[in-house]
Every structure is written in structure tokens, then in C-alpha cells.
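> For reference, the chains in residue letters:
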Amino acid sequence: MKELIYVLVDHNGENINPTSLETLVLGQELAEKTGRRLHALLLGCNVRNLAEQLAGYEVDSVIYTDNALLEDYTFESQCEALSQILKTETPALLLMAHSYQNIDMAPRLSARLGKALVTDCVDFKLSEGELVFVRKMFRAKLYADVRVRSEPPWLVTLQAGSRFADALVKGSAKVIDRQVDLSSVEIKRVTGETVDFAKDRVDLSQAETIVAVGRGIKKQENMDLIRDLADVVNAEIGASRPVVDNDWLSRDRQIGSSGQTVSPRLYLAIGISGAIQHVVGMKSSQCIVAINSDRNAPIFNVATYGILGDLQEIVPALTKKLREIL
Amino acid sequence: MRIVVCIKEVSSRESRYEVASDEAWINEANISFEINECDEYALEEGLKLKEHFGGEVVVLSVGDPRAEKVMRKALAMGADRGILIADERRQLTSPHLLGKVMSSALKDEEFDLVLTGTQSDDLSYAQTAVVLAELLSIPHATIIMKIEAEPEAKRLRALREMESGRFQWLELPLPALLSIQAGSSPVRYASLKGIMQARKKEIRTLKPEELGVEATAVPELEVVRLYQKKEERKAELLEGETGAIVEQLVEKLQKEAKVL
Ligand SMILES: Cc1cc2nc3c(=O)[nH]c(=O)nc-3n(C[C@H](O)[C@H](O)[C@H](O)COP(=O)(O)OP(=O)(O)OC[C@H]3O[C@@H](n4cnc5c(N)ncnc54)[C@H](O)[C@@H]3O)c2cc1C
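So the sequences go chain by chain: A and B. Reminder that position 286 of the first sequence reads as 286 in my numbering, one-by-one numbering, no gaps. Reminder that position 4 of the second sequence reads as 1004 in my numbering, one-by-one numbering, no gaps.
Hints may be right or wrong, so weigh each one.
Listed next, the in silico DSSO-like pairs over lysine-lysine satisfying Cα-Cα at most 30 Å (straight line) [as the list claims (entries may be wrong)]:
hint: 1; chain 1: B; residue 1: Lys1207; chain 2: A; residue 2: Lys219
hint: 2; chain 1: A; residue 1: Lys136; chain 2: B; residue 2: Lys1230
hint: 3; chain 1: B; residue 1: Lys1193; chain 2: A; residue 2: Lys219
hint: 4; chain 1: A; residue 1: Lys218; chain 2: B; residue 2: Lys1069
hint: 5; chain 1: B; residue 1: Lys1048; chain 2: A; residue 2: Lys125
hint: 6; chain 1: B; residue 1: Lys1146; chain 2: A; residue 2: Lys136
hint: 7; chain 1: B; residue 1: Lys1146; chain 2: A; residue 2: Lys125
The following residues of chain A were derived to be distant from chain B, with all beta-carbon distances above 12 Å [unchecked claim]:
hint: 8; residue: Ala55
hint: 9; residue: Asp66
hint: 10; residue: Val169
hint: 11; residue: Ser184
hint: 12; residue: Asp231
hint: 13; residue: Gln260
hint: 14; residue: Ala303
Rough simulated footprint, nothing fancy, chain B against chain A, three-plus residues with beta-carbon under 8 Å [claimed, not checked]:
hint: 15; segment: 116-123
hint: 16; segment: 312-325
Hints were generated in silico from the structure; no laboratory data involved. Just so you know, these numbers come straight off a predicted model, no measurement behind them. Using N, Cα and C, we set each Cβ at its ideal position, and we do this for glycine too.
Construct all of the structure, not just a fragment, from the sequences and the given hints.
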């Protein structure tokens, strides 16, 4: 039975999570390279429709579980459902999106089953039959090849943007109804109301130009450098999370996975290191300029142009130059 | 309330990383160490709860014996005592082994709440907190920005961050474990008095063997190779004299990228 690969597909009842589709791409690649069979797995309530949708991709089958206790996410029922499935079917791999939901659930599942979990992977390598996973470590400045030392199934989460969902191979799969017994599950953690602090927020998604500032600005007093530059190019100001955490700008100007997603024509990232949680919110900008004093800052891996230097010097000079010509 | 705060010592933010000759770790020769960023926020949340409800804050750390230094800092900020699981072999590098020693160390601590950071800035697995909750058989919540505790009623409400700037309230019975997100509330500085007092506070050191992890125990995850990927840089890098590079950039933005 070790020849199976399962991909857990997240959804909100109506739509499939885009990162899950990227994870399915990874599943298709791994299935092809290792000769294993690929199955998509859907947990929820009334998810047959979504299962039919997934059946249009090249997978062996789409397995879905309908259960009232799976309608809204709780780690308790999600873990129980998955442990029942993994204990009977023992796939070689369970692939998941590295979503907020899965990082809340998967480590618990991993500990309960005593099976390894490799989180936030960006790629895999297969050499001489050995599979290792590639992930970033040390503030995303180093890559690591990680080997799993425990028995299958291996649990793996994939970072958003590691694959293109467009690459999914189409096909026609059977849909299988798989029941689980959740009668023993006790829900201790109760989900309450959702709060949207950003309701009255500035909408940065429409901005043509964004000047974004990071912790490299160092002090609130230096924020004027950013305001002056933004004025000259008629830009909205955005920020990385620490700037907002410090209250140097309001929360609604945060860009990234827990903030806004933007794609302006020009994005200036000033004193921002380029952590993945920031990058997911801005990487589809048309032209990205990064100003950073660290040659190895990951932001240079997504930027179109990089300026290596001290922002205290560069930013005023850039503002001055732009003022002359615009 | 008795609150356990898990803190980890990590290489500091300014580090220029070099891979060690075994290719499995960094060269620590020119590295300085600090408390993992979100762990410091976890400590702040723990100290605020203690101020409000009374009780005790115990800091728990697994790491090189050198981690005593960051523990002293936590004690200076107001924690009452420390437990250091000294990992001299650098063996405790996977979530399951970490969870195992931490849960054994907490076996006899009658805690109401365990706080951790969301993820570490070195390995960044973002797993240990949740693994620990499972091994302690208590409920958990991750990426928490705010806590409203009701120790009398043995429960708390926690505000969990979600994708795209939304938040969700969760209610948990105590004892529970929360992983705290950086930026939850401003972190205090240690006072001079705090620093003096910290010297006398107890730090108990435990060995992995005392906590059920023998020298032969194999971590479930192993870094086989650590490396830098230079070819990954996409940006055309401009460096040199400020006036000249600014000039070059503006020209490129106008003529090449056509975004000005
Ligand atoms: C669950 C979760 C969600 C998150 N969500 C988000 C999110 O939505 N958005 C977000 O941004 N982050 C988010 N983060 C945080 C993220 O991981 C990073 O910590 C954050 O993006 C770092 O911000 P920064 O780049 O400004 O700071 P740092 O990483 O500290 O980088 C500062 C940069 O400034 C440079 N610098 C310093 N001085 C100078 C100078 N004088 N001149 C030029 N450059 C200089 C440095 O070289 C460095 O590269 C999240 C984290 C988690 C765990």
C-alpha cells in the first residue's frame, strides 16, 4: 500500500484553496516521478460538488468525506478524520497546503500518529530513489534539504507559490465517498466571531505605485523619508508587518499574508528583507525595486531592480532626482 | 495562574550566515544570539497575565547550555524561574524530540497555560507548539494576538490571526496552549532591579536522558544539507556611488520598465 500519494484539498465550502491546487501540481509531479498513484482528499460537509470539480484533474480518484462535524474547521474533528483515513490507507505521503488552517492542525496529527511532518516546503529532490524536501531556514537566507527518518506516511505542507496551478494536468477521475466515524470527538476549542479590523481600510489593491517600508527604517522619525518619496511619485504607502506592529503606520497598510495583497505597476520595497509572508502579498507587482543594505536579503530574489546600500542615503537622493524629472 | 512560557535562543537578526563544514548547521563563530522574536511576545503576554491575576511565570527552554543567557534576560523581565533542557549534542532539533522533552519536563508542573511563539527564526518549522499541546493532551490555538483569560472559570478567549487581515475569537478551557504572534503588544525592557534579581532566580538544568530521550534517539527530520542559492537572485543589482546608481535606476524605470 505504500505506493499512494494523498493530497488534502482545503476549501471554504464553495471554492478550492488556490494553494491546494498548487499542492496538487506537486502531487502530480511526484506521482509521475515515483510511479505512485495520486488521490485527492476532501473533508467537509456537502462537498460532493467540489469533489466532482476536482475529478476533472489527472488523479486516480477523489476521495471525499461528508460529515456535519467537518462543516466548520475544528482541529479536533479534522485530526480524527485524517488519522482514521491514514491508519487504514497508509499512503506514502500526505501533501497539504501550508495554510493557517493546516499549521494549526497538521503538527497535532503528526504527533498523534508519530509520523514526521515537513512544513513549508518549496520543492523536493529525488536522487537514487531517495526523496528529500527543500525548505528555507534561518530567516529564509539558507536552503535546507530535509530527510525524513520515520516510517510513512510522511506529512508535508507546501508553501504558497511554490508551483503554478495552471500546470495541473486535466483528466477524469472517479469520485469515492469515504465515511469516517467522528462520534468520539470532543470539541474543546469553540470558534467564536470573526473580526475584520480592516473593514474601513485603505484599499491598496488599486494603487498604481506603492512605496513600502520595512523595519530597516529603524525609527518613526525616519518615516518622513518615505512620505517624501511617496509624494513625489504619487504613491500609496505600504509596510511590512513590524512597521505596523510598532504603530508607525496603521494596520490597514500592512502588505502580506496577514495583510493586503497588491499588484501595482511599481512597488518600491525599502528596508524590507523579503520574508515569504510579505512576498506573497506583493510578488505579482509589475516592477519591483528593492533598496537594502544586505546583499543576501531574499527580497533581491523577487525584485526587478535592486539597490544595494543604506536607505538613509539612497531614499533622499532618489526623491531629489525624481522631483527634478517628474 | 501558573504560566509556562517556552522561549528559544536563536541567531540574531543581523547574522550573516555561513554554512558549517558539516553542511548541516551554521558556523556559529561570528554569530550572536537572542530570544526568538515571537517568544519575547509570548513572554510579555505571560507577564501581563501574572500581573493581572497573580501567580507564577516559568520559562522553559531547550537549547545549547549558552541559552542560560537569554533565560536570565527573561527572568530579568519578570519571569520567576527557569527550566533549561541542555542539548549538548544538538540532538533535539526536530519537533517530535522537542515535544517529548518539553512535555516530560512539564509533567509535574501544574500549569494553567503554556505560551510559545508561533515559529522559530532559525528552523521555522512552526510545529513544536502544537506537537507539545498534543503530547500534553490539552487544547491549543495558534497565531494569537490577544488573550482574555478567566482563570476562575478555567477558560480563556484568544484572538487568532487569519489570512488577509481578519481575526477570529476562540474559546478554550484551561489548561491550554497558545502560540503567540509577534506584535501582539509592546514588549517591556528589563529594569535594573530586574537584572539584579534575575541573578538569584533559579534555573534548573535537565538533560535529555532524564526526560526520556537517549543519545541514540533519532529525530524524525534531519537536515542533510544547508546551502545558499546564489543563482536565485533575480534583481539586477545596482551598487556604487549613490548619485550614479539613483540615476541608473531612474533611467531603467523610465526606459526599460516604463513605469514612470
Ligand atoms: C503567520 C505569520 C504571518 C505574517 N504575516 C506578515 C504579513 O502579512 N506581512 C509582513 O510583512 N510580514 C508578515 N509576517 C512577518 C514576516 O515573517 C517577517 O518577519 C517580516 O515581513 C519582516 O519585516 P521586514 O522585512 O520589515 O523586517 P526585517 O526582516 O527585520 O528586515 C529589515 C531589512 O532592512 C534592511 N536594512 C536594515 N537597515 C537598512 C538600511 N539602513 N538601509 C537599507 N536596508 C536596511 C535589512 O538588511 C533587512 O533586510 C508574518 C509572520 C508570520 C509568522
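> So Ala303 of chain A supposedly isn't at the interface. Is its beta-carbon more than 12 Å from every beta-carbon in chain B?
Nearest chain B Cβ is 4 Å from Ala303 of chain A, so the label is violated.
> Are the Cα atoms of Lys1207 of chain B and Lys219 of chain A separated by 30 Å or less?
This hinted pair is violated, its Cα atoms lying about 42 Å apart.
> Report holds if the minimum CB distance from Ala55 of chain A to chain B is greater than 12 Å, and violated otherwise.
holds, 27 Å
> Quickly compare the C-alpha distance for Lys1048 of chain B and Lys125 of chain A to 30 Å and report which way the hint goes.
With Cα atoms ~46 Å apart, Lys1048 of chain B and Lys125 of chain A exceed 30 Å; violated.
> For the pair we were handed, Lys136 of chain A and Lys1230 of chain B, check the Cα-Cα distance against 30 Å.
holds, 14 Å
> Check the non-interface label on Gln260 of chain A: least C-beta distance to chain B beyond 12 Å or not.
Per Cβ check, Gln260 of chain A is inside 12 Å of chain B; nearest 7 Å; violated.
> Take a quick look at Ser184 of chain A and tell me if its Cβ sits farther than 12 Å from every Cβ on chain B, holds or violated.
The assertion about Ser184 of chain A holds, with a minimum of 14 Å to chain B.
> Are all C-beta atoms of chain B more than 12 Å from that of Asp231 of chain A?
holds, 15 Å
> Residue count check for the segment 312-325 of chain A against chain B: does it reach three with CB-CB under 8 Å?
Satisfied; 7 residues make the cut.
> Beyond 12 Å from chain B, beta-carbon-wise, is Val169 of chain A?
holds, 27 Å
> Does the claim that Asp66 of chain A lies off the interface hold, with its Cβ farther than 12 Å from every Cβ of chain B?
About 24 Å separates Asp66 of chain A from the closest Cβ of chain B, which puts it past 12 Å; holds.
> Is the straight-line distance between the alpha-carbon of Lys218 of chain A and that of Lys1069 of chain B 30 Å or less?
holds, 26 Å
Violated hints for the displayed structure, listed by number in ascending order: 1, 5, 7, 13, 14.
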